[in-house]
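Protein chains in written order, with numbering that gives the first Met the number 0: chain A, 0 to 663; chain B, 0 to 352.
Worth flagging that the hints you see were computed from the coordinates, not collected in a lab. Glycine included, C-beta positions come from ideal geometry on N, C-alpha and C. Hints may contain errors.
Far from chain B, some chain A residues (derived; all Cβ distances over 10 angstroms) [unchecked claim]:
hint, residue
1, Asp21
2, Lys146
3, Arg152
4, Gln153
5, Asn208
6, Val333
7, Arg368
8, Glu491
9, Ile614
10, Gln646
11, Glu654
FRET-style restraints, in silico, Cβ to Cβ [as the list claims (entries may be wrong)]:
hint, chain 1, residue 1, chain 2, residue 2, range
12, A, Gly637, B, Arg82, 39 to 47 angstroms
13, B, Gln225, A, Thr68, 53 to 61 angstroms
14, B, Glu59, A, Ala169, 50 to 58 angstroms
15, B, Arg119, A, Gln16, 46 to 54 angstroms
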Amino acid sequence: MDIINPFAQSIVTDAWQAPQSDVPMIHAGVFELCCEVLEQVRRSGGSRSVLLHGLPGSGKTHLLARVRTNLNGVPNDMAATVPVPLPPNVLFIAVRLRSGARMLCRHLRRTLAADLFRPTRLGMSQLEQLLLYRLAQFLKDRKKAQKWWIDLRQPQKPRRWWLFGKTDEAGRAKQEIEAMIERLDEQAALGRNLSAILRHLALGRHRRNVRDWLHDGVLPDGVMRDLGLVAAPEDEDPEEQALDMVCAVSRLADSSTPLVLCFDQVEALQTSPDDVEGLYAFGRMVSSLRDKTRNTLLLSCVQTAFLDKLDEIIRGADMDRLAEKAGLLKPLSVEEAKRLIPVRLDSAPAVAKMRKGQSNKLWPLKPNRIAEFMDGNPACTPRQLISFCEDEFEKWRHGQAQPATSLEEFLTLQYTLEYGQALRSSHSHQTDETLAHGLPLVLALLGRGKQVVDTGHKYADLIFEADAGRLYISFCNQAGNPLTARLAKLREAVEQGRIANLVVVRDSRLAISQHAKKAQEHLDALTQREVTLLRPSAEGLAAIEAFRSLLSDAKAGDLAKRGEGIGPGAVEEWFKAHLPPSVADLADGLTPERRLIGREAIYDELLELVQQERIVRLDEAAERLHRDAETIAACVAGHLDQFGILQGPPLVIFEKVAGAESAA
Amino acid sequence: MAVYLTMPQVRAALLESGVEQRPSTQLLARLFIEVMDELLGQGRSPHWTAILGDEDLDRERWQQRLIEHAYRQCVAPRLLRQRAALDPAAKEVCLFWEAVQNLCIWSVDSLWERYRARGRVPEAGLFNKIGLAKDLELHEPGWTDAVRITDIREALWLTPGAESYCAIELCLNTDGEGIEQACLYRLLTHASYPAPRARKGMLRLISFSPARQETAIDIARLDMLQRHVKHLIGRAAGVLPAGLPVSVDPASAAHNYVNLGKMLVEILRNYGIEASVAGMPAIEQGKVQFLIELPPGIRVTQPEALADDIKQRLRLKTPPLIEHVAGHLFVSLEVRARPIFFFWPTGWTSSAK
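With these hints in hand, go ahead and build the complete structure from the sequences.
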């Protein structure tokens with residue numbers, strides 16, 4: 000029988016991850032505090048905040064996972080057996096704070112959107128279950144809402160002539176739901192766009208677009224029109240918009256369904272030891288959420304050693320709100336350790352089977368070894384104990400503990416895993432977020448510039464103080480009108496001399512459409528004024544994503560080798576020594592002497608065509624783009640990160656998908 | 000010791016040209032099967048269930064989404080991995096991608112019809128794959144050795160709403176109605192599931208070439224051809240003894256139908272085709288089947304007209320089945336339930352006598 004070491008996993012990376020095993024006795028006090036405060040939120044109709052702190056490996060994320068499991072339960076398909084719409088117990092949102100300071104609220108919004116579509120125990124998504132319940136509240140017969148909800152998801156049947164004049168059930172349901180959404184909007188002040196989005200969701204339409212809009216607040220122009228959405232005013236701060244959306248969702252959920260926002264890895268907000276912007280922005284955000292909502296429970300997790308820094312950087316009033324209640328995750332007691340080990344051992348079915356009938360509750364581990372370890376570690380955390388038990392288990396199984404890997408090997412392996420994951424899940428939607436958080440980390444590491452705060456430049460997403468002066472970076476990864484508007488503003492700022500040394504960043508996977516004439520015109524005008532257009536590759540972005548992920552884990556104490564935490568310094572040192580060429584290229588592209596100025600129009604045209612056709616013959620591409628084959632071939636050869644080639648004959652171009660090689 | 004043949008060699012033996020496909024084309028056929036497995040049905044959660052969950056209830060959107068997904072998750076990784084092997088088949092890769100898109104459109108159409116009929120978003124397990132034996136050993140009386148066929152990746156599918164199994168495959172280099180492939184699937188099914196199977200019904204053959212072509216072929220008709228298919232396989236493996244005819248047992252009732260074969264040759268001559276009957280006719284389930292050897296490169300272009308002509312001249316109740324298999328013409332006449340009375344019409348030449 001294949002025996003898996005039940006102690007192999009010692010880190011819970013995400014509150015949505017199901018814990019391998021759980022001992023309710025451990026951190027029971029803090030868990031009860033969370034439940035108690037949640038009850039206060041339900042009863043009093045006011046938001047509350049709890050700051051959870053403990054040593055690295057004390058189980059902060061595990062505790063969040065326990066809260067989630069207790070509040071949400073395990074999803075199963077009970078929808079058919081529930082007679083009336085029920086509200087979700089809570090709306091649970093788990094945010095890992097891997098974000099740049101100026102994108103914090105947008106990061107929260109994205110996480111909120113993703114988590115709202117996670118299934119509840121009734122099998123529906125959190126948002127759909129809430130919406131159905133809220134609509135049912137307007138009806139005397141609540142079952143009717145459920146019936147309408149189901150009817151609207153049935154395929155439309157053609158009306159027969161002899162039914163002419165009879166009530167059209169689906170049409171009536173649609174009218175009723177639209178009227179109810181209007182009432183809901185009046186009650187909860189949802190705003191025009193959110194109401195429209197919820198209407199589509201209730202009517203079972205445009206689900207993917209609904210999710211995308213909740214995620215970013217932006218959709219292609221045509222889709223926005225189709226969905227009846229209006230673009231946000233240009234002068235409105237996107238961070239404010241994101242925060243407003245979160246508040247609107249909290250209003251949608253009345254006090255019976257509190258919004259539980261869990262903030263994990265707060266330490267990752269600090270890009271460098273002297274950086275204050277991220278933590279300051281976090282304090283402001285938490286404070287705003289607490290004040291602007293009436294049914295939110297905010298749970299924030301930090302290491303105890305980080306509390307002083309938090310206190311120092313976050314504004315006093317904001318800190319008071321953030322740490323309204325505090326919960327300390329204490330080290331493990333001997334009794335807790337004795338409870339934890341059997342539960343872990345029994346989580347592996349093969350081991351559990353072998354353990355049946357054993358008088359030693361810790362079998363196959365030796366109680367005296369555990370006692371010795373606990374005596375020697377009075378401040379033992381669950382992670383340390385699990386790591387120790389992993390070795391003891393290996394000794395029992397193989398006669399010796401697993402050979403220790405060097406830090407170098409460990410970090411190489413971790414980075415490779417993170418990079419592969421980042422490449423596979425890489426999407427141009429995440430580019431802004433990756434760069435906003437990752438680029439300051441990379442440039443600080445390479446000594447190429449230090450991020451500075453200057454709110455005076457609205458369209459500069461990042462500003463660096465470099466040797467050659469201030470460097471302004473603007474992310475232009477939008478499409479359609481938002482892209483044109485942004486480029487127009489940048490052009491105006493450059494032409495008026497308000498910004499010099501500007502770099503426009505656009506993901507290399509995003510073509511500038513042939514039809515976007517105005518955007519092209521602005522971009523050409525900008526590049527003529529020595530504005531750099533930087534097109535980071537998917538590989539470069541994935542490498543930055545992997546680096547920031549590792550570094551965030553290290554800062555939050557979530558990166559450990561055999562129970563021993565690895566500090567951010569070690570990660571930075573390793574990354575600097577193994578700097579991927581794609582990242583080096585990206586960083587070089589920001590230095591004045593290495594910058595490439597000018598737009599390669601043919602690249603965008605070809606990219607657009609290949610993304611549409613996926614696989615196309617080179618001669619056909621040349622014909623459709625009205626270019627000669629040699630020009631196309633040269634463009635392909637210059638962008639082998641985007642295009643694949645089959646030599647043929649005939650020569651065929653295909654779209655490269657990031658991460659596809661590792662997936663294969 | 001058995002003689003080994005790979006599945007591509009067997010397929011080549013069944014083709015009129017007898018030429019094996021290029022390795023790159025064989026690779027594309029294999030990739031097509033892999034893509035189909037991932038998209039439609041292997042495992043509890045085929046890809047389509049995960050991606051259609053949050054898509055609008057709209058057939059075209061489903062199609063677009065599945066095509067996008069098929070490229071990103073199934074095709075692109077394989078293109079990158081097999082780039083070197085596929086380099087010489089660039090043109091076929093374009094056709095392959097077209098075929099994958101048609102596969103997505105067809106499968107979404109099946110799912111959509113299911114949704115229309117049931118009113119629920121389809122759940123996993125609708126495309127049911129029936130795996131066939133990975134290796135197959137054939138023994139036939141008279142063969143000098145057994146033949147072992149390896150590298151079998153073919154499978155049968157039960158599609159939503161369909162009652163009969165179907166074979167789905169990429170078919171870039173062949174024409175005709177696919178009777179050879181259908182025969183092969185029938186042979187594989189028999190070998191994989193030796194228990195008696197239904198001898199009635201249809202086998203659907205869905206070929207993407209790259210457009211979708213669907214043919215339903217009577218299983219009884221395929222059963223009639225099994226012996227010949229085995230003969231061709233035996234010939235490809237070199238296990239046939241020299242001079243052995245296609246039909247053995249000269250003492251059988253087949254001798255009674257020799258003159259009927261001569262008449263068929265005469266009728267074909269009227270169509271300008273100089274043909275000859277190869278071996279003895281096969282008799283099975285009330286049908287007598289003749290294997291007619293055609294001159295190289297010659298095909299009957301109007302089989303329906305020929306069938307009508309034969310029916311009329313031989314005074315048959317039903318028109319005969321006429322099909323091309325691997326460069327041969329098969330003519331099956333219905334002889335069940337009544338004896339055939341035929342006479343020698345006046346005015347015919349007698350060169351076939």
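Right, here's what the structure says about each hint:
| no. | hint | verdict |
| --- | --- | --- |
| 1 | Asp21 | holds, 27 angstroms |
| 2 | Lys146 | holds, 13 angstroms |
| 3 | Arg152 | violated, 7 angstroms |
| 4 | Gln153 | violated, 4 angstroms |
| 5 | Asn208 | violated, 8 angstroms |
| 6 | Val333 | holds, 44 angstroms |
| 7 | Arg368 | holds, 42 angstroms |
| 8 | Glu491 | holds, 37 angstroms |
| 9 | Ile614 | violated, 4 angstroms |
| 10 | Gln646 | violated, 5 angstroms |
| 11 | Glu654 | violated, 7 angstroms |
| 12 | A/Gly637 with B/Arg82: 39 to 47 angstroms | violated, 18 angstroms |
| 13 | B/Gln225 with A/Thr68: 53 to 61 angstroms | holds, 59 angstroms |
| 14 | B/Glu59 with A/Ala169: 50 to 58 angstroms | violated, 21 angstroms |
| 15 | B/Arg119 with A/Gln16: 46 to 54 angstroms | violated, 31 angstroms |
Of the numbered hints listed earlier, those contradicted by the structure are 3, 4, 5, 9, 10, 11, 12, 14 and 15.
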